[in-house]
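2 protein chains.
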Amino acid sequence: MKKGSNVSLSVIKRLPKYYRYLEAINEKGIVRVSSKELSQITGLTASQIRQDLNHYGCFGQQGYGYNVRELMDELAKIIGVNKEYSMVIIGFGNIGHALYKYTGFKSLDYNTKAVFDKNNEELANEEVKVLSTDNLKEYLEENNIDIGIITTPKEGAQEICDILCEGGIKGIWNFAPVDLKTKNDVVIENVHLDESLFTLTYFINKPEDFTF
Amino acid sequence: MKKGSNVSLSVIKRLPKYYRYLEAINEKGIVRVSSKELSQITGLTASQIRQDLNHYGCFGQQGYGYNVRELMDELAKIIGVNKEYSMVIIGFGNIGHALYKYTGFKSLDYNTKAVFDKNNEELANEEVKVLSTDNLKEYLEENNIDIGIITTPKEGAQEICDILCEGGIKGIWNFAPVDLKTKNDVVIENVHLDESLFTLTYFINKPEDFTF
Numbered sequence: 003m004k005k006g007s008n009v010s011l012s013v014i015k016r017l018p019k020y021y022r023y024l025e026a027i028n029e030k031g032i033v034r035v036s037s038k039e040l041s042q043i044t045g046l047t048a049s050q051i052r053q054d055l056n057h058y059g060c061f062g063q064q065g066y067g068y069n070v071r072e073l074m075d076e077l078a079k080i081i082g083v084n085k086e087y088s089m090v091i092i093g094f095g096n097i098g099h100a101l102y103k104y105t106g107f108k109s110l111d112y113n114t115k116a117v118f119d120k121n122n123e124e125l126a127n128e129e130v131k132v133l134s135t136d137n138l139k140e141y142l143e144e145n146n147i148d149i150g151i152i153t154t155p156k157e158g159a160q161e162i163c164d165i166l167c168e169g170g171i172k173g174i175w176n177f178a179p180v181d182l183k184t185k186n187d188v189v190i191e192n193v194h195l196d197e198s199l200f201t202l203t204y205f206i207n208k209p210e211d212f213t214f
Numbered sequence: 003m004k005k006g007s008n009v010s011l012s013v014i015k016r017l018p019k020y021y022r023y024l025e026a027i028n029e030k031g032i033v034r035v036s037s038k039e040l041s042q043i044t045g046l047t048a049s050q051i052r053q054d055l056n057h058y059g060c061f062g063q064q065g066y067g068y069n070v071r072e073l074m075d076e077l078a079k080i081i082g083v084n085k086e087y088s089m090v091i092i093g094f095g096n097i098g099h100a101l102y103k104y105t106g107f108k109s110l111d112y113n114t115k116a117v118f119d120k121n122n123e124e125l126a127n128e129e130v131k132v133l134s135t136d137n138l139k140e141y142l143e144e145n146n147i148d149i150g151i152i153t154t155p156k157e158g159a160q161e162i163c164d165i166l167c168e169g170g171i172k173g174i175w176n177f178a179p180v181d182l183k184t185k186n187d188v189v190i191e192n193v194h195l196d197e198s199l200f201t202l203t204y205f206i207n208k209p210e211d212f213t214f
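Chains as they are written, first to last, in the working numbering: chain G, 3 to 214; chain C, 3 to 214.
Treat the hints with care, as some may be off.
Which copy is meant is left open, because identical chains are indistinguishable; a pair holds if it fits in one copy or across any two.
As the list claims (entries may be wrong) - Below 16 Å or equal to it, Euclidean Cα-Cα: the simulated EDC-like pairs (lysine to aspartate or glutamate) are:
id : residue 1 : residue 2
1  : Lys19     : Asp148
2  : Lys208    : Asp187
3  : Lys19     : Asp196
4  : Lys15     : Asp196
5  : Lys19     : Glu76
6  : Lys183    : Glu72
7  : Lys183    : Glu157
8  : Lys19     : Asp181
9  : Lys85     : Asp196
10 : Lys185    : Glu39
11 : Lys156    : Glu29
12 : Lys85     : Asp148
13 : Lys156    : Glu197
14 : Lys208    : Glu191
15 : Lys103    : Asp196
Note that these hints are calculated values from the structure, not bench results.
Bound-form chain G, shown alone (with noise of 0.2 Å):
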């Protein structure tokens, strides 16, 4: 198997989730942690965790485990989060307007360089410009931005991620609580908040089904 290709979409991410522990391991000054440590602040099984990061060529070594700083580094690099980002934000109501504010970002090279909302003349305010989502096409074209961030409503985000993928775009973060189908190989994430409550609610209904 290619390193990084095929990989199941539950080991790819659990990446993200190592990376932030890592981070936090980092932060505390500790420089090496074996899988056996991970496990115990991850809940997942060591073997699970060695199994996922040998897909990567990240082998800790017997006796010492993985330097942190390096392990870090490496993960950093796998997820992409070493990198600057342009983003833009299509639609501008309460998400919108959270992920625009959301700090989350701050300390990575994620950058939103536009907001575009149908109704951007109400929404324009001292802070933040707001343009007409009739001049999505216009920018990409004179603009060069690797993730669109959808937060319409449905109605309206399929033809959206069609301009966001006909104008070039690499992927798309999308809120909208649809379905959507790209163009050209662009990829999308998706962020169903409806769907996610309702899993919660499955489980408040059937605890049974839970894994504690």
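Dock chain C against chain G, hints included.
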């Protein structure tokens, strides 16, 4: 296998998706749907869909398929969206604000009863009364709350989680970028925005790992 128990997480995570699609189909006035048609809409295989629904005793009829309204109602019961839930939000920053105003729950009986924040006095406005987090414990003793939504920074999130668990909450919807430990069989569902964005940047850098 006991129906509805020991069902894998990936099956459970697909149920809200089925529900969303059925809602859309129902809105169009369509009365029946085959697993093949559901397959075309959802992108999942017909056999996968049948298998998922069979877990819960939702059997379609040979040659007829599923009655849309019936299957939707059945799924609503399984996911638990047919019930009323009382919720509190702890942390009234950007995400807390967005969730408070989120229209996605408005059609459901998911009611935000109170909002808490450490800096409650600064955050209070005419629209919403923000209570001090110091009063959360007391509030939970006096009110019957089902769901606690945590949108605080990672620091202090576990402490809030403990108060919620002790306060008789049934489930936690966690937006803090940390994995929380619950007590008393309280179930938890995480929305880790940073991990989601990192998954996107992973795929931007390794599109060969993405399933289009």
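Evaluation of the provided hints:
1. Taking CA atoms no more than 16 Å apart as the test, lysine 19 paired with aspartate 148 passes in neither setting, with 23 Å inside one copy and 28 Å between copies.
2. Within a single copy, lysine 208 and aspartate 187 get their C-alpha atoms only as close as 39 Å, which misses the 16 Å cut-off; across copies the closest is 11 Å, which meets it.
3. In this homomeric assembly, lysine 19 and aspartate 196 come within 16 Å of each other (Cα to Cα) only across copies, at 9 Å, whereas the closest approach inside a single copy is 22 Å.
4. Taking CA atoms no more than 16 Å apart as the test, lysine 15 paired with aspartate 196 passes between copies only; the shortest distance there is 11 Å, against 20 Å inside one copy.
5. In this assembly of identical chains, lysine 19 and glutamate 76 lie within 16 Å of each other by CA distance solely inside one copy; the values are 14 Å within and 35 Å between copies.
6. Taking the closest pair of Cα atoms, lysine 183 and glutamate 72 never come within 16 Å of each other, the shortest separation being 37 Å inside a single copy and 28 Å across copies.
7. Taking CA atoms no more than 16 Å apart as the test, lysine 183 paired with glutamate 157 passes inside one copy only; the shortest distance there is 14 Å, against 38 Å between copies.
8. Taking the shortest Cα distances, lysine 19 and aspartate 181 sit within 16 Å of each other only across copies (9 Å), while inside one copy they are farther apart (24 Å).
9. For a Cα distance limit of 16 Å, the shortest separation of lysine 85 from aspartate 196 across copies, 15 Å, qualifies, whereas the shortest one inside one copy, 31 Å, does not.
10. When the C-alpha separation of lysine 185 and glutamate 39 is checked against a cutoff of 16 Å, the pair qualifies neither within a copy, at 42 Å, nor between copies, at 23 Å.
11. For the homomeric pair lysine 156 and glutamate 29, the shortest alpha-carbon distance between copies (14 Å) is at most 16 Å, but the shortest distance inside one copy (40 Å) is not.
12. Taking the shortest alpha-carbon separations for lysine 85 and aspartate 148, only the intra-copy value of 11 Å comes in at or below 16 Å, while the best inter-copy value is 41 Å.
13. In the homo-oligomer, the alpha carbons of lysine 156 and glutamate 197 lie at most 16 Å apart inside one protomer (14 Å), although the nearest pairing across protomers, at 23 Å, exceeds that limit.
14. In this assembly of identical chains, the alpha carbons of lysine 208 and glutamate 191 lie at most 16 Å apart only when taken from different copies (13 Å versus 28 Å within one copy).
15. Within a single copy, lysine 103 and aspartate 196 get their C-alpha atoms only as close as 22 Å, which misses the 16 Å cut-off; across copies the closest is 14 Å, which meets it.
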